[in-house]
Amino acid sequence: MNYHKLMGDFSRLAGLDDAEFEDTGAYFEIGGQPLFLTHEADSQRITLSAPVATLETVSNELAARLLELNLMLMRSGGYAFGYAPETATCLLVASHPIAALDAAGLDAAISAIVAKADAARGLVRLGLELDEVADAKAMRDLMTRQETTLIRA
1 MNYHKLMGDF SRLAGLDDAE FEDTGAYFEI GGQPLFLTHE ADSQRITLSA
51 PVATLETVSN ELAARLLELN LMLMRSGGYA FGYAPETATC LLVASHPIAA
101 LDAAGLDAAI SAIVAKADAA RGLVRLGLEL DEVADAKAMR DLMTRQETTL
151 IRA
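The sequence shown runs contiguously to residue 153 in my numbering.
One or more hints might be untrue.
[Said to hold, decoys possible] Restraint-style ranges between C-beta atoms, simulated for each label pair:
id: 1; residue 1: PRO34; residue 2: ALA108; range: 33 to 39 Å
id: 2; residue 1: ALA108; residue 2: ALA88; range: 27 to 33 Å
id: 3; residue 1: PRO97; residue 2: THR54; range: 26 to 32 Å
id: 4; residue 1: PRO85; residue 2: ASP107; range: 29 to 35 Å
id: 5; residue 1: PRO97; residue 2: GLN33; range: 31 to 37 Å
id: 6; residue 1: ASP42; residue 2: ASP118; range: 17 to 23 Å
id: 7; residue 1: THR54; residue 2: ALA100; range: 17 to 23 Å
If you are wondering where the hints come from, they were derived from the structure by calculation, not from laboratory data. Just so you know, even glycine gets a beta-carbon here, dropped at the ideal spot from N, CA and C.
Build out the structure end to end from the sequences listed, making use of the hints.
Here is the structure:
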C-alpha cells in the first residue's frame, strides 16, 4: 500500500474529510485519545505516538528509568517510549512499515496503541515513583506486575 492511500484510510478512520485531514497535521483524537501520526519517508514507515505523561523535569536518572521501561515494552510487541522535549511529554511509540498495512491493519495498529497507552501511563507513573521503593526485590516485583498488565492490555 502507498502512503497516500494509507493516509486516506487513516483520515476516514479518524472521521475526517480530506480538508480536515490536511488541517490537523499529525495530531488526531481517536476514541477521545490523542494520537500523533508521522510519516518516515526514507524508511517508508508510519509512526503512531500516544502521550502518556507530562514530565516536570528530565534527569539522567529519569532517562535511565524510561530506558529500562523501554526494554519491558519491546518484549510486549514492539512499543517503546519516546520523549518530546518541546512539550516535555513522554510518548508511547509504535512504528509500522507502510507496505505491510492496509485499512484493517492500520485500524488494528491504532486500536492497539490506544489500548496500550492506558497501561503505559500506569507504567510511567510507577517508574516515576520508584524512588519510594527501597528494596530492589520489591521494585522488580512491582515492575513485573505492571509489565504483565501492559502486555495483557
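Status of the hints after comparison with the structure:
no. : hint                       : result
1   : PRO34 / ALA108: 33 to 39 Å : violated (19 Å)
2   : ALA108 / ALA88: 27 to 33 Å : holds (30 Å)
3   : PRO97 / THR54: 26 to 32 Å  : holds (30 Å)
4   : PRO85 / ASP107: 29 to 35 Å : holds (31 Å)
5   : PRO97 / GLN33: 31 to 37 Å  : violated (23 Å)
6   : ASP42 / ASP118: 17 to 23 Å : violated (32 Å)
7   : THR54 / ALA100: 17 to 23 Å : violated (32 Å)
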